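Residue numbers (the working numbering), protein chains in the order written: chain C, 4 to 117; chain Y, 96 to 207.
In short, the hints are calculated from the structure, not lab data. Each hint should be verified, as a subset may be incorrect.
[Claimed, not checked] Lysine-lysine pairs mimicking BS3-like chemistry, simulated, CA-CA at most 30 Å apart:
#	chain 1	residue 1	chain 2	residue 2
1	C	K45	C	K86
2	C	K81	Y	K163
3	C	K45	Y	K137
4	C	K60	Y	K166
5	Y	K163	Y	K151
6	Y	K137	Y	K199
7	Y	K199	Y	K163
8	Y	K199	Y	K166
9	Y	K151	Y	K199
10	Y	K151	C	K86
11	Y	K163	C	K60
12	C	K86	Y	K199
13	C	K81	Y	K166
14	C	K86	Y	K137
15	C	K86	Y	K166
16	C	K86	Y	K163
17	Y	K137	Y	K151
18	Y	K151	C	K81
19	C	K81	C	K60
20	C	K45	C	K81
21	C	K60	Y	K137
22	Y	K166	Y	K151
23	C	K60	C	K45
24	C	K60	C	K86
25	C	K81	Y	K199
26	Y	K166	Y	K137
Here the structure is a predicted model, which is why all the values come from computation and not from measurement.
So you can see what is in the structure, the chains are spelled out below.
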Amino acid sequence: EPEVTQTPSHQVTQMGQEVILRCVPISNHLYFYWYRQILGQKVEFLVSFYNNEISEKSEIFDDQFSVERPDGSNFTLKIRSTKLEDSAMYFCASNPPGTNNEQFFGPGTRLTVL
Amino acid sequence: GESVGLHLPTLSVQEGDNSIINCAYSNSASDYFIWYKQESGKGPQFIIDIRSNMDKRQGQRVTVLLNKTVKHLSLQIAATQPGDSAVYFCAVNPTGYSTLTFGKGTMLLVSP
Chain C
4 EPEVTQTPSH QVTQMGQEVI LRCVPISNHL YFYWYRQILG QKVEFLVSFY
54 NNEISEKSEI FDDQFSVERP DGSNFTLKIR STKLEDSAMY FCASNPPGTN
104 NEQFFGPGTR LTVL
Chain Y
96 GESVGLHLPT LSVQEGDNSI INCAYSNSAS DYFIWYKQES GKGPQFIIDI
146 RSNMDKRQGQ RVTVLLNKTV KHLSLQIAAT QPGDSAVYFC AVNPTGYSTL
196 TFGKGTMLLV SP
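One chain only, chain Y, in its complex shape:
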């Protein structure tokens, strides 16, 4: 099976800081990793994904890093803004086209 954990339930940062949210997974066969953002009262919103054949992927202000050796991935948000305040989930699956296992989430609080 797959268990997914996050290292820190709440992360508080100042506006403009860089934020790093971490996630650990247990199944070394996991092939696909996604970060979702969930704002209060809404469904998860896709942020960025990465496949196991990559170590790093960049989007707009976000970067995902994957360390398969220690089964760890992280989400980096550059120049964090108040609008980034939300709960961030990592989700993994062992192989493509199967179900996602979600972590519990880290609440990111951005103060002005």
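Same shape as in the complex, but just chain C:
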């Protein structure tokens, strides 16, 4: 069964460094999302992406965040200058055309900012 994959599974970085989290959505999906989950808290929406542009973003998704679909398969989240409070699980999700928000989630990348 097709699934969303994410790399790396765990990323440790120093405060102020740039990180890129990578996702490969399911191949026929057209809508892509990034969410984050701080330890013990709820899943929070960051950004949605469709047709090579951001369609929605939350207040969390400020200027230090960016997303990109550099080729036909990858979907990346970049954090330019990481802060301690960026430490969280980051989930990528996608959903196919013709369905309503049955989003398929990847396993997540655990980001630890020291």
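Given chain C's structure and the hints, the job is docking chain Y onto it.
Below, chain Y alone, put in the same frame as chain C:
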């Protein structure tokens, strides 16, 4: 905006019991509701969904009930098994094709 809450952070049941997990939402325009299951170290996994034009939907061992009058939905798991132990989230969105707002989650603990 949308805020989503859950009534109980932890639910402990015995194997074989039926489990009921509740969720309340605030936006009466919410159109689509989903229950996700999240096991430790994994991403949310879709369980079942329901649209606002329905009151009830059944899946395999799971039932979702939607009460739009009081803006409440519930997930019922029949004959709960140890493998059902996880955190369960409800998620809602005001209209289709937009972002999801998640609740904080209820941890379901199933003891043999």
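Tested hints:
no. : hint             : in the structure
1   : C:K45 to C:K86   : 20 Å, holds
2   : C:K81 to Y:K163  : 39 Å, violated
3   : C:K45 to Y:K137  : 14 Å, holds
4   : C:K60 to Y:K166  : 25 Å, holds
5   : Y:K163 to Y:K151 : 11 Å, holds
6   : Y:K137 to Y:K199 : 16 Å, holds
7   : Y:K199 to Y:K163 : 20 Å, holds
8   : Y:K199 to Y:K166 : 17 Å, holds
9   : Y:K151 to Y:K199 : 23 Å, holds
10  : Y:K151 to C:K86  : 44 Å, violated
11  : Y:K163 to C:K60  : 27 Å, holds
12  : C:K86 to Y:K199  : 23 Å, holds
13  : C:K81 to Y:K166  : 37 Å, violated
14  : C:K86 to Y:K137  : 24 Å, holds
15  : C:K86 to Y:K166  : 37 Å, violated
16  : C:K86 to Y:K163  : 41 Å, violated
17  : Y:K137 to Y:K151 : 28 Å, holds
18  : Y:K151 to C:K81  : 41 Å, violated
19  : C:K81 to C:K60   : 14 Å, holds
20  : C:K45 to C:K81   : 21 Å, holds
21  : C:K60 to Y:K137  : 24 Å, holds
22  : Y:K166 to Y:K151 : 14 Å, holds
23  : C:K60 to C:K45   : 17 Å, holds
24  : C:K60 to C:K86   : 19 Å, holds
25  : C:K81 to Y:K199  : 26 Å, holds
26  : Y:K166 to Y:K137 : 29 Å, holds
When each numbered hint is compared with the structure, violations occur for hints 2, 10, 13, 15, 16, 18.
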